[in-house]
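**Q** Now for the letters of each chain:
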Amino acid sequence: AQSVTQLDSQVPVFEEAPVELRCNYSSSVSVYLFWYVQYPNQGLQLLLKYLSGSTLVKGINGFEAEFNKSQTSFHLRKPSVHISDTAEYFCALNSGGYQKVTFGIGTKLQVIP
Amino acid sequence: DVKVTQSSRYLVKRTGEKVFLECVQDMDHENMFWYRQDPGLGLRLIYFSYDVKMKEKGDIPEGYSVSREKKERFSLILESASTNQTSMYLCASSLKGGFGGYTFGSGTRLTVV
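As you go down the protein sequences, you meet chains A and B in turn.
So for the first sequence, my numbering puts the first residue at 332; every next one is plus one.
So for the second sequence, my numbering puts the first residue at 6; every next one is plus one.
Hints are not guaranteed to be accurate.
[To be verified] Keeping only pairs whose Cα atoms sit at most 27 Å apart, straight-line, the calculated DSS-like set for lysine-lysine is: (1) A:K380 x B:K76; (2) A:K380 x B:K23; (3) A:K431 x B:K75; (4) A:K400 x A:K431; (5) B:K23 x B:K62; (6) A:K431 x B:K58; (7) B:K62 x A:K400; (8) A:K400 x A:K389; (9) A:K431 x A:K380; (10) A:K389 x B:K8; (11) A:K389 x B:K23; (12) A:K389 x B:K58; (13) B:K101 x A:K380; (14) B:K76 x A:K431; (15) A:K409 x B:K58; (16) B:K8 x A:K439.
[What the hints assert, rightly or not] A short list of chain B residues far from chain A (calculated; beta carbon distances all over 12 Å): (17) K75; (18) I82; (19) R114.
[Stated by the list, open to error] So these bits of chain A aren't anywhere near chain B, every CB distance computed over 12 Å: (20) S340; (21) V342; (22) E347; (23) R353; (24) S359; (25) V360; (26) W366; (27) Q369; (28) G374; (29) L379; (30) S415; (31) A423; (32) N425; (33) K431; (34) G437.
Rather than coming from a laboratory, the hints here were simulated on the basis of the structure.
Yeah, the Cβ is synthetic: ideal placement off N, Cα and C, and Gly gets one too.
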């Protein structure tokens, strides 16, 4: 069985400050990991993905994430957030070649002016 | 611009009605998925399809059915709508294997009264 845990349901942060959204996963086989962003009343958009290779993955809008196998984590980071980054962020996992993806319950990022 | 299109953004239906939610993708993706999204519960998989005319149950299939007569179209059917099916419904598609991640539609917010 595979699972994804997003440790924070809400993260408030001041504009231009750095942010880290935490994600831990559980899987007995190799994994593919994703971060998605959802703006209000919209669908989810792929931010970045880890399939293999370099453990530091860069995505759109200045976000990056680091795959840590020993810690079973895939935390999302941005060095300086903008008001437009206010959204909900979902960590997701695909393991064992299954075509289904398991999603975390989401973290709401609120950027404060 | 490749995309997944859901036929309605907002829908209001009466209890007991049969409801059809349509989803069309133009990326020639093999896989298509229906999720519902509720506050605090994240995304829950209702049904998915790996190919035309095939379907598999997800985590919460009760009260729903699906149809995939053509590769690009995946329909979700609420056989007899109930108030507990009021939710945001998200359609997604992906390439075979799912390694590229999902492409989501904008969602349909369904209210059953």
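**Q** Check the structure against each numbered hint from earlier and tell me which ones fail, lowest number first.
**A** 2, 7, 11, 12, 15, 19, 20, 26, 27, 28, 29, 31, 32, 33 and 34
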